[in-house]
Amino acid sequence: MQLEAVARRLELEQLYTDYVHCLDADELERWPDFFTEDCFYRVTSAENYQAGLPLGLIYATSRNMLKDRVSALREANIYEPQRYRHLVSSLKITADAAGVLDLVANFMVVRTMQDGDMVIFGAGCYVDQVRRDGDSWKFARKNVVLDSRQIDTLLAIPI
Amino acid sequence: MQLEAVARRLELEQLYTDYVHCLDADELERWPDFFTEDCFYRVTSAENYQAGLPLGLIYATSRNMLKDRVSALREANIYEPQRYRHLVSSLKITADAAGVLDLVANFMVVRTMQDGDMVIFGAGCYVDQVRRDGDSWKFARKNVVLDSRQIDTLLAIPI
Amino acid sequence: MQLEAVARRLELEQLYTDYVHCLDADELERWPDFFTEDCFYRVTSAENYQAGLPLGLIYATSRNMLKDRVSALREANIYEPQRYRHLVSSLKITADAAGVLDLVANFMVVRTMQDGDMVIFGAGCYVDQVRRDGDSWKFARKNVVLDSRQIDTLLAIPI
Chain A
23 MQLEAVARRL
33 ELEQLYTDYV
43 HCLDADELER
53 WPDFFTEDCF
63 YRVTSAENYQ
73 AGLPLGLIYA
83 TSRNMLKDRV
93 SALREANIYE
103 PQRYRHLVSS
113 LKITADAAGV
123 LDLVANFMVV
133 RTMQDGDMVI
143 FGAGCYVDQV
153 RRDGDSWKFA
163 RKNVVLDSRQ
173 IDTLLAIPI
Chain B
23 MQLEAVARRL
33 ELEQLYTDYV
43 HCLDADELER
53 WPDFFTEDCF
63 YRVTSAENYQ
73 AGLPLGLIYA
83 TSRNMLKDRV
93 SALREANIYE
103 PQRYRHLVSS
113 LKITADAAGV
123 LDLVANFMVV
133 RTMQDGDMVI
143 FGAGCYVDQV
153 RRDGDSWKFA
163 RKNVVLDSRQ
173 IDTLLAIPI
Chain C
23 MQLEAVARRL
33 ELEQLYTDYV
43 HCLDADELER
53 WPDFFTEDCF
63 YRVTSAENYQ
73 AGLPLGLIYA
83 TSRNMLKDRV
93 SALREANIYE
103 PQRYRHLVSS
113 LKITADAAGV
123 LDLVANFMVV
133 RTMQDGDMVI
143 FGAGCYVDQV
153 RRDGDSWKFA
163 RKNVVLDSRQ
173 IDTLLAIPI
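Protein chains in written order, with the numbering used here: chain A, 23 to 181; chain B, 23 to 181; chain C, 23 to 181.
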């Protein structure tokens, strides 16, 4: 393994690290910046994903749609105060074609409500594609594939 | 730290990454390939492990026994549909003798049932030994040491 | 990225790895050695941390205070047998000034009681500062910032 490959690997881990710290700190206004302008983002279930069903419960086909989503969230602001904590592991490069990389990674999100109640909010894997953007990487595609089908309560926030 | 040591470290992390993606994708037929032919594999409790008790609730002393186990699982197939998600962290090399490495790593497994119910299925640590096999590594020994003693429901699937 | 930066990154990850294995193995006597002599350590809630409140539910301003804490824990020894398992991810260097590094990392702790009951004991982030100490790193400051305010039951053990 060359130093370049090692450095790229650490850059990719850093991308996921920055991504989850952004979400966990509720800095959602920065969230669209992790994506390319023509990005594809969705939250779906493993069942739908494996069946090849194109839609998800959250679905966007551009960075602007992600910005709109954040604006809507901030304006509505109806949800109970809560904190999210992402744990990510097992990042893997599954394809590498001309600097466009396919990646998978496992995640788990713990939600803590104001009364201290903690639950596993969601578990699953990211099935993503990233592209070089200057000296960093951006998500061109992000599929948040949840192990559970019960994702109606997930509508509120990005994962 | 030399580049060689860095590269080896990333290879070992990749081994655990590939291992858990294999299990989480329910590609159990590939699971025995992560082990040497004369491997030792068991699932046991921390209590039994610390007491030096040799047996575990799942126990195998060769790759062929692991293959048999997968065949039995596929034939029986009595368990309710469910998904597993492994999170792994804190991989550490604890011994290095002539290319045979002792490793520990923490893990947690979240199980999602078909109705969407999510529970922590198990938490604990892997206490493993790996050997070089061509350009990759294989598990010569894998002790899945669960923090809980209540592991009867764990009989079904590999961890 | 230079080899030096890569090596340092892996050293830092190793620090957190060693730290959590020490706690999970209940080797608390070694725990103060992860800190500088004049360290600052506390466990607090995200709410208090963001409000800039200085105190926490566990609070120490030197390595000796950490040692006293471990002694007190061992003497009291009133708590029910239990095991802790830390999962850590998303380590990030947030500042680097003359070899003193600010770091954040996400964590989750699963607690397993003797009867096998498993719960998420705590989730949150470490907000730390580390300093070089010979060929390793030590924590000069460690803020254990819990997402939950309900941390009374956390008084017993270090996180």
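Hints in this document: simulated from the structure, not taken from any laboratory.
Incorrect hints may appear among the rest.
Stated by the list, open to error - With a straight-line Cα cutoff of 25 Å, these simulated BS3-like cross-link-like pairs (lysine-lysine) come out: (1) A:Lys114 / B:Lys114; (2) C:Lys160 / B:Lys114; (3) B:Lys160 / B:Lys114; (4) C:Lys160 / A:Lys114.
Being a predicted model, the structure only gives us computed values, none of them experimental.
Review point. Taking only the CA atoms, is the gap from Lys114 of chain A to Lys114 of chain B under or equal to 25 Å?
Key: Answer holds: Lys114 of chain A to Lys114 of chain B is near 19 Å, not above 25 Å.
Check your understanding: Is Lys160 of chain B within 25 Å of Lys114 of chain B, Cα to Cα?
Key -> holds (16 Å)
Point to revise | Pairwise hint evaluation, Lys114 of chain A against Lys160 of chain C, where the allowed Cα distance is 25 Å at most | key: Violated: Lys160 of chain C and Lys114 of chain A sit about 30 Å apart, past 25 Å.
Check your understanding: Given the hinted pair Lys160 of chain C and Lys114 of chain B, is their alpha-carbon gap at most 25 Å?
Key -> This hinted pair holds, its Cα atoms lying about 18 Å apart.
Consistency with the previously given hints fails for number 4 only.
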